[in-house]
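Turn these sequences into a full structure, and let the hints guide you.
If you want the building blocks of each chain, they are given just below.
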Amino acid sequence: MNIQKIIFNLERYWSKNGCIILTPYGTEVGAGTMNPATFLRVLGPEPWKTAYVEPSRRPADGRYGDNPNRVQQHYQFQVIIKPSPWNIQDIYLRSLEKIGIYRKEHDIRFMEGDWEAPTLGAWGLGWEVIIDGLEITQFTYFQQAGGIDLNPIPVEITYGIERLAMIVQQKDNIYELFWSNDITYGEIQHQVEVEQSKYNFEAADIKMLFSLFSMFEKEAQQLISKKLPIPAYDYTLKCSHTFNLLDARSAISVTERTGYIARVRELAKKCAQLYIEERKNLNYPLIKGLDDE
Amino acid sequence: MNKFILELGTEEIPSTYIDNILKNLKNNVKKLLEQFNIDYHTIYTFGTPRRLIVFIEGIATQQKDILHKIKGPTTAVAFDKGGRPQKSAIKFAQVNQVEVKELIIEKNNKGEYLFAQKVIKGIKSELLLPEICLNLITNINLPKSMRWGTASIKFIRPIRWILALYNNKIIPLKLDSLTSGRKTYGHRLLAPEPIQVKKVDEYFNILEDRFVIIDPEIRKEKIQNQIVSIIKNNDGKEYIEKSLLDEVKNLVEYPKVLLGEFDKKYLDLPVEVLTAVMIKHQKYFPIYSKNNSLLPFFLVAINGNEDKYMKSIVRGNERVLGARLEDAKFFYQEDQKNIKSGSKPLDNNIVKLKNVIFQENLGTVYNKVERLIALSKKIGEELQLSNNSLQILERAAQLCKSDLVTEMVKEFPELQGVMGKEYALHQGEDPQIAIAIYEHYLPRFSGDKFPTTMTGSILSIADKLDNIASCFINDLVPDGSQDPYALRRQSLGIINIVLLHKMNFSINNIIDLNINLLLTDKNLTEKKLINSKINIQDIKDFIFQRLRYLLLEREYKYDIIDAVLAKNPESILDVLARTEAIQKIYYTTNFIRTITAATRAFNLSRNIQALWIDNTLFQEKEEHYLYNCYLKIKKIIKKLIIKNNYNDVFTNLEKMNKPIDIFYDKVMVMVENEKIRNNRLALLKSIATLYFSVADLTKIALAKGNIK
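Protein chains in written order, with our numbering: chain A, -7 to 285; chain B, 10 to 717.
These aren't lab readings, by the way, just hints derived from the structure by calculation. If you're wondering where the values come from, they're calculated on a predicted model, not measured in any experiment. Please note that a few of the clues may not be correct.
Straight-line alpha carbon distances no greater than 30 Å define the calculated DSS-like cross-link-like pairs of lysine-lysine that follow [stated by the list, open to error]:
hint : chain 1 : residue 1 : chain 2 : residue 2
1    : B       : K419      : A       : K163
2    : B       : K630      : B       : K647
3    : B       : K163      : B       : K12
4    : B       : K231      : A       : K96
As structure tokens, then:
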């Protein structure tokens, strides 16, 4: 099964299970969790069910297209369901069947894997899902986001699309995966990896990035003061990505690092608090007497 | 026989917690049944990643009856002289619904009273079990807990079903939105459908048929047997990683061990790298040949499965391990790039340590390395090492943290020290330096190996001491049971190393230097993060507190240890030597005489300030005699103490017992003449001081008359 078929099948499956299918967010993120469809929507009492693909950028993981497993941008398939349903593990295992991974044919384990995102003030408990020794999914019950206790509790399921494809297509090299039947992952992404790695490690203008960070931060702050959590969060994401670029470029010393992370977290927390207030002012439009359990 | 079973169906509980949870459950069940007065035959607890089970065999049908006595009026009031019941007795019987003749009389220290006896019938167990179960579930000791969905309860992972059966009856429980029933589930992958259990007796077979082995010990045994048989078939050494076995047994409900292979070329990697990848990251058991070298195989305990899929499961695991080992090999080569043409990766890495934080607020590992060079040199000098040894020590200190920035250690942090040693050898360092780099982290946990070399030992002490001093300066002193930086364990590490290698040096001098190095570090002073009140004694007391426990564990007497510690010796080894010397003579008559003489001299002269003895003021020949003895013995003892020869110190001190006894007999100390009196007191005080040169003998229990 090629990658696009995997994506189609997951989208179809989760939409049948009541999720709205969204698109990747319009700005760079480190993980599908940072998309406001997760980070902001998990806050507050409103139910929420969504699934979407998210290209996730980790500048420091770049390997110039030379490493068969590591890339500076990979694709996540993200599912968020709030509140978490009682049979979610079973629903998840059935999703794997849609891409040809049958539970009776594999060794599937839920291995302890706690999750924490310090820039988002978020954490949760759950597992890494391991199939025949390979981690393919992070499965997390969020407990906090933006430093706020969540209630009800959402479950986040993050599939590594490349990992799924490596199992399904039995490949050892990410670049050899078939995206469609006639085009490989490498044909689409290899040049991206080479150029972006060069950018992340060599070409990025450090001075510009530092000034961008401050500009983005200021913008986020002034938007927060105007009670506009959604655009403020956009600029928080830009701060976060800029920080990741600076980090990849080794431009931030260890002592400064904690400080930068704290600055991004501070913005994320304020966005979260403000977003909850705004939803309350709107009288929680998504509460329509849904009962999923 | 009545049987009760409670099964809490959960999502996967982390494997390392299960054993403790089951132990805790068992204790709690026992306590609750006792508290509720319900007899039972045996309590069992079982568990898998997906279920926690309490099984009570022979639970009594009901609580034990309780004989309840109600106190009534005194017999004097209740009966007249003829023994006829009076109003108060009749009323008391009426109120308690018994006949007057059923009342009994009992005496207590206040008099004779009437009592009504009532038997309170025990309540049926099945009516009490709901309360017991809820109490049990909500009071399990959990290391971490979470919420899920809309549930208001917390547990280690979500609870999805509750089976609670008393023989064939459901014990009704309501836990948040869950209600108990007779439904359970088989193996998640092999028999996922729900199944109804009619009665407790069926439960075990139902689960076994559905690929669930509920007893962790049986799963462990199965894994072990399968491993051993595979090892034998491959002519390997019968060795099983114990802690991994304990972990893996709780990762699966129906273990099946499979053999996989990896490419022989990876055997060129250090053994520690291979085992770290296999054991820590993949939970695979490595196989060793009979001569202890690794074989290119691994064992994985999977969660059961049909035979026809085993091959592809093994292949999947082989692919993952292969990719991981390929990564490791890449890191290994990358770390040693150009090493053959004379490049020294560990030296190149030193400057990179400026980018590794040692501890929040406490600068970088680069700063720490600078301190370690100075500290280990100082210890080396105190131990009078040769110049050559000092040079080796300095080089080892310089390189000991360099592997932290290698690709391999970044990927596998548990290989710190191991990789340092490996790379040091490869870049041509003296093997002593390489070994010291590895050994300076030892012991890493309680029960771990100790450094075997002097260089490794010194570096290990310096590293641990610097960790302790840094935390003290950073106000991270352990408090109560909290010790997040494991400073107590590290103190114990220092002590054990010192005692093992008999390293006699002043810890005060090293702590002093360490504090100075930290205080002069600009990183700290500029940020005003310093706890400047910190002093040598605080840190030393912290370490010596561990020393005290260690000596107690080795069965030295507490009073001896305290007597020695009261002298505030500067060397750990010295504390042991003094303690040993006293312990040896503790019950001897001579020692008891020594203590008696010493404490008497001390008590008499307690309030005198001066130590100046003027021998022209002596009146009696006994005074001269004692004084001369004192001078002679003092000289000898001074020499003996320098040599830490405390056995002989006591033999010599004993020689003073007789002259001092004679002195007490013949000489009146508290005479009118102040000069003479003070001179005699000064003599006694000097003698007491000499007596106390090894330990504060007033602290010895014998001195307080506690002679056994």
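Going down the list of hints, with the structure as the test:
Between B:K419 and A:K163, the direct Cα distance comes to roughly 27 Å. Compliance with the 30 Å bound is thereby established for this hinted pair. A hinted pair counts as satisfied when its Cα atoms are at most 30 Å apart, and B:K630 with B:K647 qualifies at roughly 26 Å. Of the supplied pair hints, the one linking B:K163 and B:K12 holds, its CA atoms being roughly 28 Å apart against a limit of 30 Å. Of the pairs offered as hints, the one joining B:K231 and A:K96 holds, with about 21 Å between alpha carbons and a cut-off of 30 Å not exceeded.
Going down the numbered hints, you'll see the structure goes against none, and every one checks out.
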